[in-house]
Amino acid sequence: MQTSSAGRKFIGAHFQPCNIYGRLYLNKEGTAYVGNCPKCGQSHRVKAGPKGADVKMVQIFCFYGGAPGRY
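Residue numbering for the sequence shown follows the numbering used here, beginning at 12 and increasing consecutively.
Mixed in with the good hints, there may be bad ones.
To be verified - Pair ranges (Cβ atoms, derived): (1) Asn30 - Gly60: 26 to 32 angstroms; (2) Gly18 - Arg56: 19 to 25 angstroms; (3) Met68 - Gly41: 28 to 34 angstroms; (4) Thr42 - Met68: 30 to 36 angstroms; (5) Pro61 - Asn30: 28 to 34 angstroms; (6) Met68 - Asn38: 26 to 32 angstroms; (7) Pro28 - Val57: 24 to 30 angstroms; (8) Val69 - Lys39: 26 to 32 angstroms; (9) Asn30 - Lys62: 19 to 25 angstroms; (10) Pro28 - Lys62: 29 to 35 angstroms.
In short, the hints are calculated from the structure, not lab data. On a predicted model such as this, the values are computed, not experimentally measured, just so you know. C-beta atoms are modelled at their ideal positions from N, C-alpha and C, and glycine is treated no differently.
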């Protein structure tokens, strides 16, 4: 878990097979990291533990896979 310059907690994400990197931000409830693939727009959610996350980066599979017309 890292903190952005704006003070928001996040984890890095490698969206596959879109092959692009982005961030998932901790939601207001503090229960999950949420965000969208920057290429195909698919939304993703990663459950957060009571103290946040022990990792800095996760790999996420995008169902659309950067399909033409989705970005």
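Query raised in the report: So which hints don't hold here, by number, going up?
Result: Numbers 3, 4, 6, 7, 8 and 9, in rising order.
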